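Engineer: These protein sequences, in sequence, are chains A and B.
All residue numbers for the first sequence refer to this note's numbering, where the first residue is 1 and numbers rise by one.
All residue numbers for the second sequence refer to this note's numbering, where the first residue is 1001 and numbers rise by one.
Simulated from the structure, these hints should not be mistaken for lab results.
None of these values were measured; they are calculated from a predicted model.
By construction, the Cβ of each residue, glycine as well, lies at the ideal position given by its N, Cα and C atoms.
Fair warning: there could be bad hints in the mix.
Here chain B is said to cover these stretches of chain A; the calculated rule only asks that three of the stretch's residues, wherever they fall, bring their Cβ under 8 angstroms from a Cβ of chain B [as the list claims (entries may be wrong)]: (1) 3 to 10; (2) 13 to 26; (3) 49 to 62; (4) 65 to 79.
Letter by letter, the chains look like this.
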Amino acid sequence: MLLIPCPWCGPREDDEFTFGGEADIPRPADPDALTDEQWADYLFMRDNRRGRHREQWCHTAGCRRWFIVERDTVTNEILGASTYGNSS
Amino acid sequence: MSQPFRLTQGGRIHRDEPLQFTFDGRPIDAFRGDTVASALLANGVTLVGRSFKYHRPRGIVSAGAEDPNAFVQLGRGARTLPNRLATVTPATPGLEVRHVNAWPSLDFDLMSAFGLAAPFIPAGFYYKTLMWPRRFWPLYEHFLRHAAGLGHAPDAPDPDRYDHVHAHCDVLVVGAGAAGLAAARAAAQTGARVIVADEQAKFGGGLLSTSERVDGLPAPQWADAATAQLSSASDVTLLPNTTAFGLYESNLVLLAERLHTDQPDNAGAESGARVWRVLPRQIVLATGAHERPLLFANNDRPGVMLAGAISTYVNRYAVVTGSRAVLFTNNDSAYRTALDLVEAEVPVAAIADVRVDPDGILPAQTRAQGIPIHTGAVVVQAHGRGRLAAAELCSLDGAPLGTVECDLLGVSGGFAPALHLHAQAGAPMTWNPQIAAFAPQPSHDIHPAGAVTGQLDLASALRQGTAAGAAAAAAAGCSNGHTPAAPQAAETPTSDLKPYWLPPGDLARTKPQFVDVHEDVTLDDLRLSLREGFESIEHVKRYTTLGMGPDQGKLANPLATGVIAELLGRDPASVGTPRHRPAYSPVSLGAIAGRHIGELADPVRVTPMQDWHESAGTRFENVGQWRRAWYYPHPGESMHEAVARECLAVRHRVGILDYSTLGKIEVTGPDAGEFLDRVYTNAWKRLRPGRCRYGLMLGKDGMIFDDGVTARLDHQRYLMFTSTANAAPVLAWLEQWLQTEWTDLRVYLTSVSEHWSNIALAGPRSREVLAAAGTDIPLAREDFPFMTFREGTVAGVPARVFRISFSGELSYEINVPADRARHVWEALFDAGRSFGITPYGTETMHVLRAEKGFIIVGQETDGSVTPEDVGLGRLLSRRKDFLGKRSLSRPDSVRPDRKQLVGLLTDDPAQVLPEGGHVVDAPGRRRPLPMRGHVTSSYFSPVLGRSIALAMVAGGRAALGERLYVATLDDDRWLPARSCHPVFYDPQGARQHV
Ligand SMILES: [Zn+2]
């Protein structure tokens, strides 16, 4: 069980949330300019980091807002949460 | 006197409240305050079960949750509970208790008769013997199921309700013995929110069975006072009969609270048990320690008990568990038992102490009582059949010291901390040579206190508990600046324990010496395991089943660590202990499931027309959580006949379909058009208000994710229909893009699936029916053409009417507020009677759309299908980017031999192909047979008078008309067909435009 700090609702149990994978992988501005390899890298390749990891979570059964959580993948300690752009 | 082993005075039982329960049908007299075990012992019941593998007679060993033998079945029928421990189950009036593992009976045991003739089953027996020949497995299984039974499941659904409680607190105290009570007091006085859980019915733990004093009061009285004080404190929750059985990520602790234990079989109780999901800021672990058994031959004989348990039965329950005792120990604690027995007038015939020179206060006091103490001595064998009759002693160097008659043998191999929860947390533990056991290391949020630390004396427990409670409260942010004084108890200097694992030399090797009494794992089994190379303690566990019973090896594992270390000549610290897993002790499945059963486990969604469908005799099918009308058979009609009738009604007259389950999302805002342009493959910004368009939504990988019609309600407002199953995933997908990537777009999404019901009228007479039901919307073709939408009223109800078609017929999908939908449905149905209106369900809907070659996402597509694959390439805009577009130019996306949507017409028009059937070029028995594709949809088409099918076939579009075969489950039966264009009916689409 993780206690996830939703920036809007406060800490809640993880079964209210949906995991959205690694954060900071924006959709390329001009996909047509990418090679197939670069496009495949965007689509499929993730870092699977050991330690501090920035990842996306959505408070699906709450406010339905997406936000970014920084979590230690070894200890599962949650180091912080932040919001996207002008979504706050 | 009916309780021959009950002392005439003393104990913490209520002699003025006698009660009776039954054990295997035999009445057992007890008092309130008894456990089932203490009452059985008071009545001289020494045999409570037979062992798992050898069916040896077994008795009660302990007075707590660590007992390996005292598993019983409680109650009967639907409320029966297997795997309950007699040692922690309160004795209650009328309770039915039965033994669980002595087939065919407790007294006469057939298996035991086997055991006399057969050698002991060695470890690994199951792996080695029962593996083959395979055809004997049913026989083995039958044998094993009988032999391995541990109670039985209820014979009917459990009528009780079970609850889950989600709780938060500052400090959770696990265990309400001396340390736990002291900790709870210290934490509570800071104002912290405290929860205290203890597995026993009464708080106090070891305080209830000791003759020591706390703050000048007899220990049990102090426990009562401390409990009363806590129960009157605000923000303190006391949970007796509650076992903390698991500690998980983020220190989530699960507690199982057994409710209404005072009522037989929980009869009349609303709730059988609760599982508490507690998220404490800090945890005080005051779980105590389990006394360790000792190895000697026949150490499983009823009458062999943990020394501490003997004291507990005497002091707390006023029960003597024998009439003549021998004690066998490697530490001081058994001497307290000796003194307790003397006090209870049970002669102690001898004490065998492994240590050469025990010099503590307790041995001195015992010696003063004239009890013979053999130092440097051990018990090597228990004698007696069925019940202990004598103990054979010898010195550590093997010299016989004689056989002493006794019916009670108290053993103490020291105490192993009950660090299960601590270990589950992954918190560090270290080998403590002083106690020859692993002990927990404090962490920043788990504070061990009392015997679990390895400090066994009362004064230490009170001190540590007070300190731990204060520290935990402070760490939780609740300090009030001063630490309360610890309750005081007399210090009792003790002499050191001497580890004792293996009997010296080869003493007593002919009789089994049980390391794990519950699982019938012997010293020889451990030796065999090590000899065969299974040396890691986890391997030993799996090879021998050590610690695998419902008791989870609470007594066996700490003993095994030392035994294995000595057999391997290694340091016990490096041997370790098997991983501690939840659950600490058995928890009923009902409690774990809680309210998440039946409809609350998987809710059923229905539309406002559900009652109407039911009264029309509808057959339903489940679509996700929706219950949808499948077809409406007339009396005597088969499904095939009903569907044929419904299909023809739509094609020739008019049908009515409850299509309320479609997902509906309102997309509003100045940038709504731009947003749709990005998520759909086709163009939306220029769609005029009042018009509808079919859209395809792709994943980032270019594969079809969802499809449906979207209408432009007005300049800044669109209504998107999604497939029934994808309503939630599509909304989530759209939200994610808006919130994480396109945060500059001014777009707002609202799910309105439940707000608007959707009634489809389809068929050539549908315009007339709609008019007859009453509408202010002009319905003439030129006023309300295909792929447009109008707002108005239908049958007096505000409605959005969409002229779209999933059947290929003239069709109106009428959206009305859900609370008026039943009225509109009935008005349309009544208006349609003279036109022969026919309600139709999902099966007919599927046939009609298949006749038109319309795909269903999830049926024709499977997450690996592109728009081109299903012939919808015309929907891919070349003038704009959209999600998934880049993936469509990957080499794999443009392979000519990708599976493509085709129609299949069987040679035999009556033959309906099996859905999912493999499509091949030619029949053959050679394997693997190259596969061209698979059948995705297959029906009998009533309007065409023949079967039709859709299939995904590799390179199929370029080879329309080719000969193909579809495999069946019969190797020799192949169904010949020809491929064709996937639109079977009205290929020009004329009918929907009328
Ligand atoms: Zn939230």
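Engineer: With a C-beta cutoff of 8 angstroms, work out whether three or more residues of the segment 49 to 62 of chain A approach chain B closely enough for the coverage to hold.
Structural biologist: holds (count 3)
Engineer: With a C-beta cutoff of 8 angstroms, work out whether three or more residues of the segment 13 to 26 of chain A approach chain B closely enough for the coverage to hold.
Structural biologist: With 4 residues close enough to chain B, the hint holds.
Engineer: When I compare C-beta atoms, does the segment 65 to 79 of chain A have three or more residues closer than 8 angstroms to chain B?
Structural biologist: It holds: at least three residues are needed, and the segment 65 to 79 of chain A offers 3 whose Cβ sits within less than 8 angstroms of chain B.
Engineer: According to a criterion of three or more residues whose C-beta lies within less than 8 angstroms of a C-beta of chain B, is the segment 3 to 10 of chain A covered?
Structural biologist: violated (count 1)
In terms of the numbered hints stated before, the structure departs from hint 1 and from no other.
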